[in-house]
Amino acid sequence: MNRDSGESAVTGRRVRELILRESHRAHVGHIGSALSIADIVAALYGGILRIPSLGDTERDRFILSKGHAALALYAALALRGWITAEQLATYCGDGSLLGVHPEHELPGVEFSSGSLGHGLSIGAGCALAARATGSARRTFVLLSDAELDEGSTWEAAMFAAHHRLDGLYAIVDANGQQAFGYTRDVLAIENAAERFAAFGWDAREVDGHDGAALRAAVDEAASVPEPHLLLARTTFGRGVSFMERRIKWHYWPMSPEEYATAMRDVAAT
Amino acid sequence: MRTAFVETVCALARADRRVMLLTADLGYNALEPFAAAFPERFFNVGVAEQNMIGVATGLAAGGMIPFCYSIAPFAALRPYEFLRNGPILHRSRVRVAGVGAGFEYGTAGPSHHGIDDAAALRPHPGLTIVTPAEPAQLAAALRATWDQDGPVYYRIGKDDAVRVPGLDGRFRAGRAEIVRDGRDVALIAMGTLASEACAAADLLAERGISASVAVVSTFNPSPVDDLTELVRAHALIVSVEAQYVAGGLGSLVAETIAEDGAAARLVRIGVRNPPQSFSGSQRFYHALHELDRDAIARRVLTVLAGERV
Numbered sequence: 008m009n010r011d012s013g014e015s016a017v018t019g020r021r022v023r024e025l026i027l028r029e030s031h032r033a034h035v036g037h038i039g040s041a042l043s044i045a046d047i048v049a050a051l052y053g054g055i056l057r058i059p060s061l062g063d064t065e066r067d068r069f070i071l072s073k074g075h076a077a078l079a080l081y082a083a084l085a086l087r088g089w090i091t092a093e094q095l096a097t098y099c100g101d102g103s104l105l106g107v108h109p110e111h112e113l114p115g116v117e118f119s120s121g122s123l124g125h126g127l128s129i130g131a132g133c134a135l136a137a138r139a140t141g142s143a144r145r146t147f148v149l150l151s152d153a154e155l156d157e158g159s160t161w162e163a164a165m166f167a168a169h170h171r172l173d174g175l176y177a178i179v180d181a182n183g184q185q186a187f188g189y190t191r192d193v194l195a196i197e198n199a200a201e202r203f204a205a206f207g208w209d210a211r212e213v214d215g216h217d218g219a220a221l222r223a224a225v226d227e228a229a230s231v232p233e234p235h236l237l238l239a240r241t242t243f244g245r246g247v248s249f250m251e252r253r254i255k256w257h258y259w260p261m262s263p264e265e266y267a268t269a270m271r272d273v274a275a276t
Numbered sequence: 013m014r015t016a017f018v019e020t021v022c023a024l025a026r027a028d029r030r031v032m033l034l035t036a037d038l039g040y041n042a043l044e045p046f047a048a049a050f051p052e053r054f055f056n057v058g059v060a061e062q063n064m065i066g067v068a069t070g071l072a073a074g075g076m077i078p079f080c081y082s083i084a085p086f087a088a089l090r091p092y093e094f095l096r097n098g099p100i101l102h103r104s105r106v107r108v109a110g111v112g113a114g115f116e117y118g119t120a121g122p123s124h125h126g127i128d129d130a131a132a133l134r135p136h137p138g139l140t141i142v143t144p145a146e147p148a149q150l151a152a153a154l155r156a157t158w159d160q161d162g163p164v165y166y167r168i169g170k171d172d173a174v175r176v177p178g179l180d181g182r183f184r185a186g187r188a189e190i191v192r193d194g195r196d197v198a199l200i201a202m203g204t205l206a207s208e209a210c211a212a213a214d215l216l217a218e219r220g221i222s223a224s225v226a227v228v229s230t231f232n233p234s235p236v237d238d239l240t241e242l243v244r245a246h247a248l249i250v251s252v253e254a255q256y257v258a259g260g261l262g263s264l265v266a267e268t269i270a271e272d273g274a275a276a277r278l279v280r281i282g283v284r285n286p287p288q289s290f291s292g293s294q295r296f297y298h299a300l301h302e303l304d305r306d307a308i309a310r311r312v313l314t315v316l317a318g319e320r321v
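Protein sequence lines, in the order shown, are assigned to chains A and B. Using this note's numbering, read the first sequence as starting at 8 and increasing by one per residue. Using this note's numbering, read the second sequence as starting at 13 and increasing by one per residue.
Keep in mind the hints are simulated off the structure, nothing from the lab. For glycine and all other residues, C-beta sits at the position ideal for the given N, C-alpha and C. Treat the hints loosely; a few may be bogus.
To be verified - Now the stretches of chain B that chain A is said to cover, found in silico as 3 or more residues with beta-carbon under 8 Å:
no.: 1; region: 51 to 64
no.: 2; region: 68 to 74
no.: 3; region: 97 to 108
Stated by the list, open to error - Examples of chain A residues lying across from chain B (beta carbon under 10 Å, computed):
no.: 4; residue: 110
no.: 5; residue: 120
no.: 6; residue: 122
no.: 7; residue: 124
no.: 8; residue: 125
no.: 9; residue: 126
no.: 10; residue: 127
no.: 11; residue: 130
no.: 12; residue: 134
no.: 13; residue: 146
no.: 14; residue: 158
no.: 15; residue: 159
no.: 16; residue: 162
no.: 17; residue: 169
Put together the whole structure using the sequences plus the hints.
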């Protein structure tokens, strides 16, 4: 196992740089979705998650339920030193463990994801297993707002609230977009925090691009004996001027010129 | 068979603290012994089968061995993709019990009939599918498979009284159990319908026909070697199942014959017609789909008489 580079190595800007570099090299999309969660992932791997080592059974569990943003997770794992630069450079290559969606056989990935609506119930099971075995480890699940379209997400929300799984933290990347349009046009979910609160969750809203605020929200939530929902307000494509809030960048890969502009934009953040 | 299920899972839970039982609000008047003995390891997750399988996936990753219980179509088909991307993809120790194999929930209607669950799950090489024919065999199967790596689907009946003569509760993973040796025809049966196949063999014996009867109790991985021996040793093979023949046991036996190049003729007894809306008992449905002992024996006699069926 590779040496841990430490939490300070993970910043939103570095995560973005790796997202852009690898998506451009592989000529693969899902860039806007990954940029949307760059600061959330940086906050998690930069201090919120307690992961002394990847093999530590008491480590916090992280489930990227919106698996199509896997590149942000790979970037964080690379910045921590848990996957090498050479591994990262295999992104989307033949035989690589680093595909568009995360696979559990890659060290640092707890669960394979990619099918939306799957992660929260797995997270509830992780939290229940921790309780059953007397462990203080926590479970964090990062969902997209469009994933709240899935009924299975709400089955899990009911279950977690009923059993008061207070070791479970769901973070919703509320960027207001999905593959085909804006959530307000496709299937409105504008009052998601209220809905979770109505289900019995400890729900709060936070700026998803403010790492300190995210960390403070997790700390504040810790004393509430309910599962925790952090509705993280984000901007799709955050940090790249021509991608922000643009539906096109859910799937589109970058041209060389766009890549150069994007890297300049991120360097200026 | 439900009694054997809950008694055996209770015994496993007494011996190992990792064993848990989840139900999607089914098993009234069956699962109570587990709930009473192990309240901290029993979860009625509500009517939410997808979540049940997702939660079980997380539990298994945390070192537990969760058993998930529901009626076959709700256990296998409602959360099908959660099984695929959860326990199967992650090779988790999740166990799913689908109760009501075949037409056991006859009067409940087509929504409750377990006639496609095993066939639907069969494509997945990473999933063990156990299809016991009698309660004692289910108990033996649970004891043989409860802590093996990877997920297991148990397609079980709810009848506690059914017995298969000569089976004596034997279970060997990946094997077919030969309960009767004969020369003229081999009846290859799955699930509790094996008892009807045995009764059909008795009826055939009265007419001078000597029938082998084999019970397929591990549907996946399939008992290829045992089936190959059977199809080589008999000129006529009859598959018997309370399930659609497409993708089911009939398909498995057909594949075995074709891949081996055996010369045997195959007759597939099973469900071939689309679901209909009328009510009826299991016995009624078996007669309707020509799955009972009389229909099996009649079919064999017709074929042996040289008529095309």
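### Message
When the structure is checked against the list of hints, which entries are broken? Sort them ascending.
### Response
none
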